[in-house]
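Quick note, the sequence shown lines up with residues 1 to 146 if you use this note's numbering.
Some clues are possibly wrong.
[To be verified] Straight-line Cα separation of at most 30 angstroms, DSS-like style, residue types lysine-lysine; simulated pairs:
(1) Lys142 x Lys83
(2) Lys142 x Lys37
(3) Lys142 x Lys8
(4) Lys6 x Lys142
(5) Lys49 x Lys37
(6) Lys142 x Lys84
(7) Lys84 x Lys8
(8) Lys8 x Lys83
(9) Lys83 x Lys6
[To be verified] Pairwise CB distance ranges (calculated):
(10) His143 x Ala117: 23 to 29 angstroms
(11) Val50 x Asn146: 21 to 27 angstroms
(12) Ile91 x Val28: 17 to 23 angstroms
(13) Gln7 x Ile95: 39 to 45 angstroms
(14) Phe134 x Asp39: 37 to 43 angstroms
(15) Ile140 x Leu32: 17 to 23 angstroms
(16) Phe45 x Ala138: 20 to 26 angstroms
(17) Tyr114 x His143: 15 to 21 angstroms
(18) Ile123 x Pro88: 41 to 47 angstroms
(19) Leu32 x Trp60: 36 to 42 angstroms
(20) Pro48 x Ile119: 21 to 27 angstroms
(21) Ala63 x Thr5: 35 to 41 angstroms
(22) Met130 x Val54: 41 to 47 angstroms
Source of the hints: derived by calculation from the structure; they are not laboratory data. Just so you know, even glycine gets a beta-carbon here, dropped at the ideal spot from N, CA and C.
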Amino acid sequence: MTNFTKQKPPLWFWIVSFFALLWNALGVSEYLHQAYKTDYFYSKFPDPKVLEIVLNTPIWVMAGFATAVIFGALGCVMLMLRKKWAQPFFIISLIGILTQMFYNIFLSGSIEIYGLAAIIFPIFVVVLGMALLFLSRAAIRKHWIN
Numbered sequence: 001m002t003n004f005t006k007q008k009p010p011l012w013f014w015i016v017s018f019f020a021l022l023w024n025a026l027g028v029s030e031y032l033h034q035a036y037k038t039d040y041f042y043s044k045f046p047d048p049k050v051l052e053i054v055l056n057t058p059i060w061v062m063a064g065f066a067t068a069v070i071f072g073a074l075g076c077v078m079l080m081l082r083k084k085w086a087q088p089f090f091i092i093s094l095i096g097i098l099t100q101m102f103y104n105i106f107l108s109g110s111i112e113i114y115g116l117a118a119i120i121f122p123i124f125v126v127v128l129g130m131a132l133l134f135l136s137r138a139a140i141r142k143h144w145i146n
């Protein structure tokens with residue numbers, strides 16, 4: 001078995017990893033507020049139609065949400081610790097993202113309320129999840145993490 005020495009990652013790797021961790025930590029916070037239906041959660045939805053949609057989110061979508069943000073945050077921690085475990089965590093996170101965003105775009109009825117603007121954020125989240133997966137693959141290939 002060939003052992004490779006870790007190479008020093010560039011500064012932008014650390015910056016991206018930090019902001020990705022922050023993004024996923026905010027996602028974990030949002031998930032917890034929604035799961036526990038806190039006052040903050042209710043304050044975000046003054047429109048009763050939107051609140052009703054969010055309150056009726058199926059359990060499988062909430063599981064996808066939890067998977068996406070928790071494994072995304074763990075993947076970012078693994079990146080910052082320079083461990084290749086980041087890649088499988090980002091794969092699992094991306095599966096959670098795709099599950100959640102499929103519901104948000106095609107099944108929730110949010111497009112009727114928000115129009116095409118309801119598609120922009122889910123697409124951004126999917127692209128970000130894919131970018132983190134590609135970053136972890138590149139970091140393994142370049143021996144920044146192992």
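Hint by hint, here is what the structure shows:
1. Under the criterion of a C-alpha separation no larger than 30 angstroms, the hint pairing Lys142 with Lys83 is consistent with the structure, at around 13 angstroms.
2. In summary, the hint linking Lys142 to Lys37 is not supported, as the alpha carbons are separated by about 43 angstroms, beyond the 30 angstroms threshold.
3. Under the criterion of a C-alpha separation no larger than 30 angstroms, the hint pairing Lys142 with Lys8 is consistent with the structure, at around 9 angstroms.
4. A C-alpha spacing of about 9 angstroms is found between Lys6 and Lys142, which places the hinted pair at or below 30 angstroms, so the restraint holds.
5. A threshold of 30 angstroms between alpha carbons decides the hint, and for Lys49 with Lys37 the separation of about 16 angstroms falls inside it, so the pair holds.
6. A distance of roughly 11 angstroms separates the Cα atoms of Lys142 and Lys84; the hinted pair therefore holds under the 30 angstroms criterion.
7. As the CA atoms of Lys84 and Lys8 are separated by approximately 14 angstroms, the hinted pair is consistent with the 30 angstroms bound.
8. For the proposed pair Lys8 and Lys83, the alpha carbon gap of about 13 angstroms is at most 30 angstroms, so the pair holds.
9. With a C-alpha separation of about 10 angstroms, the suggested pairing of Lys83 with Lys6 holds against the 30 angstroms cut-off.
10. Taken as a hint, the range 23 to 29 angstroms is violated for the pair His143 and Ala117, whose Cβ atoms sit roughly 42 angstroms apart.
11. The supplied range of 21 to 27 angstroms is broken by Val50 and Asn146, whose beta-carbon atoms lie about 45 angstroms from each other.
12. At about 18 angstroms, the beta-carbon gap between Ile91 and Val28 stays in the expected band of 17 to 23 angstroms.
13. The hint said 39 to 45 angstroms for the Cβ distance between Gln7 and Ile95, and at roughly 29 angstroms that hint is violated.
14. Range check, Phe134 to Asp39: Cβ separation about 38 angstroms, and the 37 to 43 angstroms hint holds.
15. Here the CB-CB span from Ile140 to Leu32 is close to 31 angstroms, at odds with the stated 17 to 23 angstroms.
16. Between Phe45 and Ala138 the C-beta distance comes to about 39 angstroms, which lies outside the given range of 20 to 26 angstroms.
17. Evaluation of the 15 to 21 angstroms hint for Tyr114 and His143 yields a failure: the beta carbon distance comes to about 44 angstroms.
18. The hinted range of 41 to 47 angstroms is not satisfied by Ile123 and Pro88, whose Cβ atoms lie roughly 24 angstroms apart.
19. A C-beta distance of roughly 18 angstroms is found between Leu32 and Trp60, which places it outside the suggested range of 36 to 42 angstroms.
20. Taken as a hint, the range 21 to 27 angstroms holds for the pair Pro48 and Ile119, whose Cβ atoms sit roughly 23 angstroms apart.
21. For Ala63 and Thr5, the hinted distance range of 35 to 41 angstroms is satisfied, since their beta carbons lie about 40 angstroms from each other.
22. A hinted range of 41 to 47 angstroms for the beta carbons of Met130 and Val54 is inconsistent with their spacing of about 25 angstroms.
Hint check: violations occur at hints 2, 10, 11, 13, 15, 16, 17, 18, 19 and 22; the rest are consistent with the structure.
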